[in-house]
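Participant: Given only the sequences and the hints, what does the whole structure look like? Please build it.
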Amino acid sequence: MSLSREQIAMRVAQEFSDGDYVNLGIGIPTLAANYVDKDIEVMLQSENGLLGMGPYPTEEQVDADMINAGKETVTASKGASIFSSAESFAMIRGGHVDLTVLGAFEVDVSGSIASWMIPGKLIKGMGGAMDLVAGARNIIVTMTHADKHGNSKLLDSCTLPLTGVNCINRIITDLAVIEVKDGAFHLKEKAPDVTVEEIKSKTAGKLIITENTPDMSF
Amino acid sequence: MAGFNKVVESYDAAMAGLTDNMTIIAGGFGLCGIPEGLISQIRKMATTNLTVVSNNCGVDGFGLGVLLQQKQIRKMISSYVGENALFEQQLLSGELEVELTPQGTLAEKMRAGGAGIPAFYTATGYGTPVGEGKETRKFGDRSYIMEESVTGDFSIVKAWKADKYGNCIYRHTAQNFNPMAATAGKITVVEVEELVETGSLNPSEIHTPGIYVDRVIVGTFEKRIERKILTPTTNNQ
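Residue numbers (the working numbering), protein chains in the order written: chain A, 50 to 267; chain B, 84 to 320.
No lab work stands behind these hints: they were computed from the structure.
Bear in mind the structure is a predicted one, so any value in this text is a computation, not a measurement.
There's no promise every hint is true.
[Said to hold, decoys possible] Some chain A residues near chain B, calculated using beta-carbon distances under 10 Å: (1) L99; (2) D114; (3) I116; (4) S134; (5) S161; (6) L211; (7) V245.
The beta carbon of each residue, even a glycine, is placed where N, CA and C say it ideally should be.
Facilitator: Here it is in C-alpha cells:
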C-alpha cells in the first residue's frame, strides 16, 4: 500500500539530524515537525523571519504579530530569534539552513524542480521557494509518486516552468525514497507492500535499482 | 525648531506629497505588520497608477487589497499574490500588472536599494522564468542572475514603538519587510502603535535608526489575523 501523508511525514522526520536548522514547506513537510525523534534537537526556520518555530498557540497565546510563512498563528520555541526578511533570506541563501523540505509538481533526473507554476492556471507566485532551493545545503522533496491520473512526477526532464535547477538531493514519495545523483533516480527504500515493479512503472525518468531494496521502517 | 522631531499629527500630513504614478514600498507579510492607517489614507487620496512593492497585496477589503477597489494600483512587485478575488479579476482584465519576484530577492532588492547598491547577483531564479532576460554570470562553478535593487518615492512602514526622532522597534514577526522598506523610500513614513519619549528606547535594541525615517504617526490597528490555527487541546494533562 502506498503511504499516507502522515507516514510520508514520519519518514521525512527520519532525515533530521541532531542540531539541524530546518525549513519545512507547507503541507506534508510541515507535518514532519510532529514526528521529530525525542532524542534530538531540531530548530525550525520560518522564512518570514523566525528561527525556532514552536507549536500552534492556545487561544490565550494567539498573537496577530506572531505568524509563520504560511500566515498561520504560531509560537516561538525556547531559544528562538526573530529578524527581518532580508536577514531570514541571508540565512537561506547563504547556506546556513541545513535542510529544506518542500513539495513539488515535478522533479527530474538532474535534480531540477518545478513547484510553483502551471501555465494556463492562475499564478499566485513563488513565495520563498526559489530562494530556498537555491540556498539550502540539502533539499528533500515530498510528493506523490504519480498524479491522480497516474502520470509520473519523476521525469527525465521537467515539463513545467522550473523553481530551481540541479538542486534536489532526495525525494520521499508515497511509494519510495529516491536519491537523485549522476543524472538518475536511485531507489533507496520502498514503502512496505509496494512492489519494485509498481515503482518502476510510475517512474518516467531513468531509475537505478539495486537488488533487495529495503522497506522503509517507521 | 523641529530638530529631529519627525512626528506628524494627521494622516494628511503623513502622506502629503503622494501623487499619481509614484512607487510605494510597503512593509508587511500577509496582513502581519502592515501600516493600516497609511493604506487607508492612500485610498482616501485616490492617487492612481501606483506601483506598489510589497510581498503580498492584502485580501479583499483589507490591507493593500483596499487600493484595488478604486483601481489605484497599476503594478505590483510581489512574491505571492492572489489571496483576493479583485486582484485576480484586474490581473486577468489587464488593468493590473504583476512582477513576481522571489521573496528573498524582493527583500534584498529593498535592502540594496536603501543601501545604495544598484544591483546584485543571486543564484535564486537562475534557469527559471525569473531569470529570463536577465544578465547572468558565473562565480566559481555556479551561475547567478543579476537583479536590480528598488527604491520608492514613498515607503510605508509599520512599527511597534518609535520615539520622536524616528528610531523604531518592531514586534515579533511583524518585523518582516518593514526594516528594509524603511531604508528604501525617498520619503519614509512610519505608523506606530506607541510613541515613546526620545531617549527611552535602548539604543542597542533599535531596529531602524531614525536617519531613515521622515515622518512618524501614531495609528490604531485592527491587526486582523489571516489564518488562526490553534494547538490541538489535550485533556490528559
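Participant: Work down the list of hints and note, for each, if the structure agrees.
Facilitator: Hint check:
{"no.": "1", "hint": "L99", "verdict": "holds, 6 Å"}
{"no.": "2", "hint": "D114", "verdict": "holds, 4 Å"}
{"no.": "3", "hint": "I116", "verdict": "holds, 5 Å"}
{"no.": "4", "hint": "S134", "verdict": "holds, 4 Å"}
{"no.": "5", "hint": "S161", "verdict": "holds, 7 Å"}
{"no.": "6", "hint": "L211", "verdict": "holds, 4 Å"}
{"no.": "7", "hint": "V245", "verdict": "violated, 32 Å"}
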